[in-house]
Amino acid sequence: MSLAAVGAGLAVIGAGLGIGRIGGSAMDAIARQPEAYSKIQLAMIISAALIEGAALFAIVVAMIKG
Amino acid sequence: MLAGSVPATSAAISEDEVKSEKTEKEFDAAPFIMEHVADSHEWHILTKKDGTDVAVYLPVIIYDRESGIHLFSSRKIAHGHSYRGFTIAHEGKYAGKIVRVDEHGHHDGSKPPLDFSITKAIFGMIVASIILLWLMIALARSYRKTGISAPKGLQGVLEPVILFIRDDIAIPNIGDHRYGKFMPYLLTVFFFILINNLLGLIPIFPFGANVTGNVNVTFVLALFTFIITQFSANKTHWRHVFAAPGVPFWLLPIMIPIEIIGLFSKPFALMIRLFANITAGHIIVLSLVTLIFIFKSVLVAPVSIFFVLFMDCIELLVAFLQAYVFTLLSALFIGMATAEPEHH
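These protein sequence lines are chains A and B, in that order. Mapping of the first sequence onto my numbering: position 17 corresponds to residue 17, and the numbering continues sequentially without gaps. Mapping of the second sequence onto my numbering: position 69 corresponds to residue 69, and the numbering continues sequentially without gaps.
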């Protein structure tokens, strides 16, 4: 169980870094082009969902093998 | 320890106390959460103080190789009872499955019978399908009555969603003149996932089954996308798999296996993504609820409920997002498989 928790934690670090980068870049992009706000936001949410999916793969493995 | 320090006259009461304290101490969140997330034959609603369960017992339909088809209520095999030589295994290789037992109530080691029961997830799907049918038939009828006009009522809610799927998912990914054939599938899969995600968030009886968080359901959905993609694929798609243009021939022994794995890994990722996102959401909400019982304090309850509400709002976003992502990626895969080479 504890090893699974470590695995989940590592997955969260990766996903956090990834989503953080997307959020930061989206903020930069919106600051540069405020008129493209809605398009950037949509692309940001999609990429965040995809990264979250990758992190959840790790969570599933941690759950099964934990 | 406690039992040793009390007088013998109140031994019976203290024994009860010890028992209740023991059960409270041993509250383990993981099995509680897993029970709610997993599929089951009965729909447990609550356990009364005297230990009796309030539950909806769903029908069991099994096919045994020796004794044929059996149909009975899951009430008969609940709580470790066996009926017609069947019970639900609680441990071992087939834990959670219906297995055949001998006269002593022990699993006789045979393979479990084929299980076609109406389980929680299937019941949830039936409820969702009825709601979908009602919504879509009402929508179609209202269009037949009014024709193409300014949308009102139900049309106003669903028309933008359907147009969004056509204009922002199907046309950009599949192409202007080929998208029509795939619209029925994309719309069906979008609304099916969406309605099941949303119903999964409602914690009251006919709703709340973890349908899209069940890996079997998402497997079949991903299988549909896989089959549709491969059967609508054109020559260019297969040439890219088996003889990618511009790749030196000595690389092909490496490239072909990678491309073939790629064909399967895409729908596999679809399956895991939906399953993991929805299950993870449910687990987080349930974990926050169990905090109250882990700390055994009413004071934790407001904090816990606040976080549950917050998570539910995020889950609302995730419900739409995952339905959208599944549909988008399905359209993308279909578009990639049906794309014509560009002529210059």
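Hints were generated in silico from the structure; no laboratory data involved. Please read all numbers here as calculations on a predicted model, not as lab measurements. Hints are not guaranteed to be accurate.
Said to hold, decoys possible - Examples of chain B residues toward chain A, derived with CB under 7 angstroms: (1) R239; (2) V241; (3) A243; (4) A244; (5) N277; (6) I284; (7) L321.
Claimed, not checked - Below 20 angstroms or equal to it, Euclidean Cα-Cα: the simulated DMTMM-like pairs (lysine to aspartate or glutamate) are: (8) B:K76 with B:E42; (9) A:K39 with A:D28; (10) A:K39 with B:D168; (11) B:K97 with B:D167; (12) B:K97 with B:E66; (13) A:K39 with B:D167.
Virtual Cβ for every residue (Gly too), placed ideally from N, Cα, C.
For each hint, the structure was consulted:
1. R239: With a closest approach of 28 angstroms, the B:R239 hint is violated.
2. V241: violated, 24 angstroms
3. A243: Hint violated; B:A243 Cβ to chain A Cβ min 30 angstroms, cut 7 angstroms.
4. A244: Hint on B:A244: violated, closest Cβ of chain A at ~25 angstroms, above 7 angstroms.
5. N277: This interface hint holds because 6 angstroms falls under the 7 angstroms limit.
6. I284: violated, 11 angstroms
7. L321: With a minimum Cβ separation of about 5 angstroms from chain A (threshold 7 angstroms), the hint on B:L321 holds.
8. B:K76 with B:E42: The given pair, whose Cα atoms are some 11 angstroms apart, holds under the 20 angstroms limit.
9. A:K39 with A:D28: holds, 14 angstroms
10. A:K39 with B:D168: Answer holds: A:K39 to B:D168 is near 12 angstroms, not above 20 angstroms.
11. B:K97 with B:D167: violated, 45 angstroms
12. B:K97 with B:E66: Status holds; Cα separation ~18 angstroms.
13. A:K39 with B:D167: Satisfied, since the Cα-Cα distance of roughly 14 angstroms is no more than 20 angstroms.
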